[in-house]
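S.K.: Here are the chains, one letter per residue:
Protein chains: 2
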Amino acid sequence: MKTVSARRPVENKPAKVRRRDREKTKAEILQIAFEEFAESGLLGANADAIAAKAGITKRLIFYYFNSKEELFIAVLEMAYGKMRLAEEDLHLATLEPEAAIRRLAEFTFDFHQANPEFVRLVAIENIHRGRHIQRSEKLTQMTRPIIGQIERVLAKGKSLGAIRPEIDAHELHVTLNALSIFSVANRHTFEAQFRWDMSSPEAKARRRREIAEVLWRYVRSDECSSAADRS
Amino acid sequence: MKTVSARRPVENKPAKVRRRDREKTKAEILQIAFEEFAESGLLGANADAIAAKAGITKRLIFYYFNSKEELFIAVLEMAYGKMRLAEEDLHLATLEPEAAIRRLAEFTFDFHQANPEFVRLVAIENIHRGRHIQRSEKLTQMTRPIIGQIERVLAKGKSLGAIRPEIDAHELHVTLNALSIFSVANRHTFEAQFRWDMSSPEAKARRRREIAEVLWRYVRSDECSSAADRS
DNA sequence: CCCGTAATTAACCCATTGGATAATTACAGC
DNA sequence: GCTGTAATTATCCAATGGGTTAATTACGGG
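Residue numbers (this note's numbering), protein chains in the order written: chain A, 1006 to 1236; chain B, 1006 to 1236.
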């Protein structure tokens, strides 16, 4: 006895269903949502727009992800997951201390430059006080192994006397991320204030060198070590 | 002959008007709007809420500032203006190079820590790709004299041989701001990822020292200069 | 071939919210 | 005191946009 009144869709077009693949559909929604959230923020992103760009119905978004916020969390999880994957390709163990530190700096810088949407997403999540990242079990449990890599580099460098013993892996990681993320995240207000280009290839290259330099000079031990040739 | 129909407000309460001070009212709106925008972003901030908190009618907001976006621009102008004022209190000229650099670092750090709403506002404006700061004549013309101060410190330091000649004032400023802003702006995602406190007085004090250290080691000349006593 | 279930669609709902219209009130200058 | 004007209020409007209801369609297993 559910009965009767049920709304009838228009009866002319049978509306062919495009495909029938749960995982693929979810992945597509996630990708488009990632772009939308990174572009417009949590509030600015529009479910209708996401649906349109993904070529599906809005209802489908809520079918797979129950709400906008849960979709946002899923997007965060995906984005952070990708970063972690990238970090695994960093093999710092084999390098000498200075080379390892510079490589770490350049890798981080390159990653942020190549993934400005990711940086934007992180900024947006911070505007929301990290409320979603906290709610995500995946993300709170996903301890980032990058710290382990840094610790190993530091340990080696310290034992060789090339790196100051008081350097802390966490502090180093914060320092590097601050320098690297800033070039992407605060580009616009900085460029507006100083009419100073941060986006051209030359400016980026210079900044890249500068960050590696800052980092190395920060960690190296005081005994006037090799400044290496930075052409 | 506009005539007749005009909507009549309810006729029981004469609705006493609170005050009649253009500048004061505008200033109050600006202050509340600053808080709201910093808290909730451009889209999240609510005109009704601003009006309620300011104890006025929403219409008044649009009377003084024509639209939400213009209000946001006015808020940005005010916020940046305050920062510039604060920067003027920095007297670096009298200090020796190392002291000047450390003082600059600590001042910047303290300012951002003391004004997280400002940092949030800047982050929000960057999410909007600096579109408002660009539109504001006040802000695009407001060249920040802080660069001048930094240049003078560097010049003095270079002539004394204490600071490397290749250090650039702009790059230094970017570096310092990156380090300083990050501690406020990206606090939440970082804390969530590493379960690592960045908010306690101890953590802040440590970070403050660290940043000064990074900056000084970055600019000082290579001849193993005094590491000074950082107790 | 049939049928249950899961994927997908169409259409609707309604709270929120920038912004607008127009009345009202205070206040300064004559 | 009168009056023009600026400050302020009450009320309304239309669009936007999350989220929902229910119909429809594909598809795999018996």
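Rather than coming from a laboratory, the hints here were simulated on the basis of the structure. Keep in mind that the hints are not guaranteed to be accurate.
Identical copies carry no separate label here, and so any pair may be met within one copy or between two of them.
[Claimed, not checked] For lysine to any residue, the following SDA-like pairs were computed, each having C-alpha atoms within a straight-line distance of at most 25 Å:
| hint | residue 1 | residue 2 |
| --- | --- | --- |
| 1 | K1073 | Q1146 |
| 2 | K1209 | E1156 |
| 3 | K1161 | N1071 |
| 4 | K1163 | A1054 |
| 5 | K1163 | E1041 |
S.K.: If a hint holds in the structure, say so; if it does not, say that too.
M.R.: Hints and how they fare:
{"no.": "1", "hint": "K1073 / Q1146", "verdict": "within (22 Å within a copy, 40 Å between copies)"}
{"no.": "2", "hint": "K1209 / E1156", "verdict": "between (28 Å within a copy, 22 Å between copies)"}
{"no.": "3", "hint": "K1161 / N1071", "verdict": "neither (48 Å within a copy, 61 Å between copies)"}
{"no.": "4", "hint": "K1163 / A1054", "verdict": "neither (53 Å within a copy, 55 Å between copies)"}
{"no.": "5", "hint": "K1163 / E1041", "verdict": "neither (45 Å within a copy, 48 Å between copies)"}
In this structure, the hints that do not hold are numbers 3, 4, 5, in rising order.
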